[in-house]
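Novice: If you want the building blocks of each chain, they are given just below.
Number of protein chains: 2
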Amino acid sequence: MRLLLSSAAIACLSLPLLADPLPSWNATDTKARIISFVDAVTDPDSPDYVRPADRIATFDNDGTLWGEQPVYFQVIYAVDQVARMAEADLSILDSDAMKAAAAGDMAALVATGKEGLVEVVTAAHSGMSVSEFKADVAAWLDTARHPDTGRPYDEMLYQPMLELLRYLRDEGFSTYIVSGGGIDFIRVFSEAAYNIPPNQVVGSSLAGEYKTDGDGPRIMKMPSLFFIDDKEGKPVAINHHIGKRPILAGGNSDGDFQMLEWTTSGDGARLALIVHHTDAEREYAYDRDSHIGGLERGLDEAEARGWLLIDMAADWARVWPE
Amino acid sequence: MRLLLSSAAIACLSLPLLADPLPSWNATDTKARIISFVDAVTDPDSPDYVRPADRIATFDNDGTLWGEQPVYFQVIYAVDQVARMAEADLSILDSDAMKAAAAGDMAALVATGKEGLVEVVTAAHSGMSVSEFKADVAAWLDTARHPDTGRPYDEMLYQPMLELLRYLRDEGFSTYIVSGGGIDFIRVFSEAAYNIPPNQVVGSSLAGEYKTDGDGPRIMKMPSLFFIDDKEGKPVAINHHIGKRPILAGGNSDGDFQMLEWTTSGDGARLALIVHHTDAEREYAYDRDSHIGGLERGLDEAEARGWLLIDMAADWARVWPE
Ligand SMILES: [Ca+2]
Ligand SMILES: [Ca+2]
Numbered sequence: 122m123r124l125l126l127s128s129a130a131i132a133c134l135s136l137p138l139l140a141d142p143l144p145s146w147n148a149t150d151t152k153a154r155i156i157s158f159v160d161a162v163t164d165p166d167s168p169d170y171v172r173p174a175d176r177i178a179t180f181d182n183d184g185t186l187w188g189e190q191p192v193y194f195q196v197i198y199a200v201d202q203v204a205r206m207a208e209a210d211l212s213i214l215d216s217d218a219m220k221a222a223a224a225g226d227m228a229a230l231v232a233t234g235k236e237g238l239v240e241v242v243t244a245a246h247s248g249m250s251v252s253e254f255k256a257d258v259a260a261w262l263d264t265a266r267h268p269d270t271g272r273p274y275d276e277m278l279y280q281p282m283l284e285l286l287r288y289l290r291d292e293g294f295s296t297y298i299v300s301g302g303g304i305d306f307i308r309v310f311s312e313a314a315y316n317i318p319p320n321q322v323v324g325s326s327l328a329g330e331y332k333t334d335g336d337g338p339r340i341m342k343m344p345s346l347f348f349i350d351d352k353e354g355k356p357v358a359i360n361h362h363i364g365k366r367p368i369l370a371g372g373n374s375d376g377d378f379q380m381l382e383w384t385t386s387g388d389g390a391r392l393a394l395i396v397h398h399t400d401a402e403r404e405y406a407y408d409r410d411s412h413i414g415g416l417e418r419g420l421d422e423a424e425a426r427g428w429l430l431i432d433m434a435a436d437w438a439r440v441w442p443e
Numbered sequence: 122m123r124l125l126l127s128s129a130a131i132a133c134l135s136l137p138l139l140a141d142p143l144p145s146w147n148a149t150d151t152k153a154r155i156i157s158f159v160d161a162v163t164d165p166d167s168p169d170y171v172r173p174a175d176r177i178a179t180f181d182n183d184g185t186l187w188g189e190q191p192v193y194f195q196v197i198y199a200v201d202q203v204a205r206m207a208e209a210d211l212s213i214l215d216s217d218a219m220k221a222a223a224a225g226d227m228a229a230l231v232a233t234g235k236e237g238l239v240e241v242v243t244a245a246h247s248g249m250s251v252s253e254f255k256a257d258v259a260a261w262l263d264t265a266r267h268p269d270t271g272r273p274y275d276e277m278l279y280q281p282m283l284e285l286l287r288y289l290r291d292e293g294f295s296t297y298i299v300s301g302g303g304i305d306f307i308r309v310f311s312e313a314a315y316n317i318p319p320n321q322v323v324g325s326s327l328a329g330e331y332k333t334d335g336d337g338p339r340i341m342k343m344p345s346l347f348f349i350d351d352k353e354g355k356p357v358a359i360n361h362h363i364g365k366r367p368i369l370a371g372g373n374s375d376g377d378f379q380m381l382e383w384t385t386s387g388d389g390a391r392l393a394l395i396v397h398h399t400d401a402e403r404e405y406a407y408d409r410d411s412h413i414g415g416l417e418r419g420l421d422e423a424e425a426r427g428w429l430l431i432d433m434a435a436d437w438a439r440v441w442p443e
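Chains S and F supply the protein sequences, listed in that same order. Numbering-wise, my numbering comes out as the position in the first sequence, counting from 1, plus 121. Numbering-wise, my numbering comes out as the position in the second sequence, counting from 1, plus 121.
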């Protein structure tokens, strides 16, 4: 027993000397700034020291931790789901958005705008219990494949960001997802994909309703929006779920602007990260005019605000996991 | 270093043999059932074993972890706050409920019903930022005293429940508060009082709004209800914040019925606890007809459902902390 503890202690002490915590990041300024921030807030002798309970890090999901092109993966799920629903009941196709979804016509669906997307996602995500919904998403993830890479969607994860999450947790941070995507949807894969448990997933949601008729108690997903976790909604949701202001936040679009602003306007050392999609060869290149993950204000103001732009092409040695 | 680790290891190994984890509980069936449940779900060789990540325990707050008589402490705060607000602006006293609050007439306020209470609490809890609100509650807790005991409100905690929370955490549980009370209010004292961090506090809430005009970004508390975490709302909020079904839940009133039902209708070993206020001498005795913390259906159905009624007078060796 004593031997075991001693070797564990030796491993702890020597780890920082031996291992690069971010092996898939190139040795650029970006990597150096991340490590220097983490060192500053974790060193008890640093003026920027933060106790572990306050080391809160929040990350957007789509385009920050996993891919989002050619369209949000949750929308692809919703479209597949609406097509299956229409097989049973054609009367649900009562709008241009629902018709486009059932036909799998993503361009026509995107053309119906945000309202159309919300309509399709709401239809595909309601009328069942939370546990039925999660089982269905899990089954979909098992078989659906990304149109460009052929990978399962839950393997479209950015390897450098997986390393960053792990590095932060190793340094005493709590890592949260704060996503515009659906909270129940993300919870299906967040634990296996990111090692982030359900209670550390914050997202958009439909209203829930507790029902006891029929087969025992269950929580039904209702066809009305409860909360949109985007833009100004992100700081509000962070307060609601976490109750503390993050000291580090990462995003990739202007939907994350307020989360980064909220994070960096607190006292003490703060770090805001923006994943800038600059890599048309290994992933995608898009920012200002993208129909998904548009990034304009963040690009314009990052430097003046001291926010760190991650240049995917230059800063990442690899994009996808092995 | 090696010596330190060794003595820590010795302390860990011998603790379960030496210490009673619930010293303020009498040696009744109630205590035996709690310990036998915890043993069953934590013993890897037990058929009821639950991995630590799924050891979720949720507790009501008012009347379960701290007192709630003669009226919810948060209502006493709200009444004090409305009286202070009225000093600055008498025009806010535009209803019977607001007038009763400003006059400190609790009986008249209670007579205005739930609507009156919600009106007063909403008025007292909105129009400021979350951090201003929390600072104000903290200052109030420093000076306000309970009318019957003369104690600070955040010392009106039930010592046996503090021991239970600690025991559960020592056994790998995550402990959550799931309260009808306000989430921002409870978070002011939950960490110091219960060792429960803000992200493990679930409660009722007003709408939040992110504002950047004026003195930097802040989250404003708006005068509209966002969520009532009571009755059917408790399982819905548990799903929203935690994303897993608890295996243990504790409450004291019919406002907790659905949380206990949801908890105990899951698979495997489950435990539901109801703190029954039977102790007029050391605390209060109330259940069916109480204006606060009414308990009727829970009393009627506890035995048939296998829920454990905690008889405060018989099961607790002491009520308050030293
Ligand atoms: Ca995004
Ligand atoms: Ca209660």
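Bear in mind the hints are in silico, worked out from the structure with no lab data behind them. Keep in mind that a hint or two might mislead.
[Claimed, not checked] Label-pair ranges, simulated between beta-carbon atoms:
{"#": "1", "chain 1": "S", "residue 1": "Asp217", "chain 2": "F", "residue 2": "Pro165", "range": "24 to 30 Å"}
{"#": "2", "chain 1": "S", "residue 1": "Thr270", "chain 2": "F", "residue 2": "Ile213", "range": "39 to 45 Å"}
{"#": "3", "chain 1": "S", "residue 1": "Gly293", "chain 2": "F", "residue 2": "Tyr170", "range": "25 to 31 Å"}
{"#": "4", "chain 1": "F", "residue 1": "Ala229", "chain 2": "S", "residue 2": "Gly337", "range": "42 to 48 Å"}
[What the hints assert, rightly or not] Short, incomplete list of chain F residues facing chain S, as computed with Cβ under 10 Å:
{"#": "5", "residue": "Gln321"}
{"#": "6", "residue": "Tyr331"}
{"#": "7", "residue": "Lys352"}
{"#": "8", "residue": "Ile413"}
Every residue gets a Cβ at the ideal spot worked out from N, C-alpha and C, and that includes glycine.
Novice: Work down the list of hints and note, for each, if the structure agrees.
Specialist: Hints, one by one, checked against the model:
Distance hint check: the CB atoms of Asp217 (chain S) and Pro165 (chain F) are about 56 Å apart, inconsistent with the given range 24 to 30 Å. Under the hint 39 to 45 Å, the C-beta atoms of Thr270 (chain S) and Ile213 (chain F), about 60 Å apart, miss the expected range. The hinted range of 25 to 31 Å is satisfied by Gly293 (chain S) and Tyr170 (chain F), whose Cβ atoms lie roughly 29 Å apart. For the pair Ala229 (chain F) and Gly337 (chain S), the beta carbons lie near 44 Å from each other, so the given range of 42 to 48 Å is met.
Look at Gln321 (chain F): its Cβ gets to within about 8 Å of chain S, closer than 10 Å, so that hint holds up. Evaluation of the Tyr331 (chain F) hint against chain S yields a held restraint, the C-beta minimum of about 4 Å falling below 10 Å. Hint status for Lys352 (chain F): holds, given a least beta-carbon distance of 8 Å to chain S, under 10 Å. Taking 10 Å as the C-beta cut-off, the interface hint given for Ile413 (chain F) is violated, the closest approach to chain S being about 23 Å.
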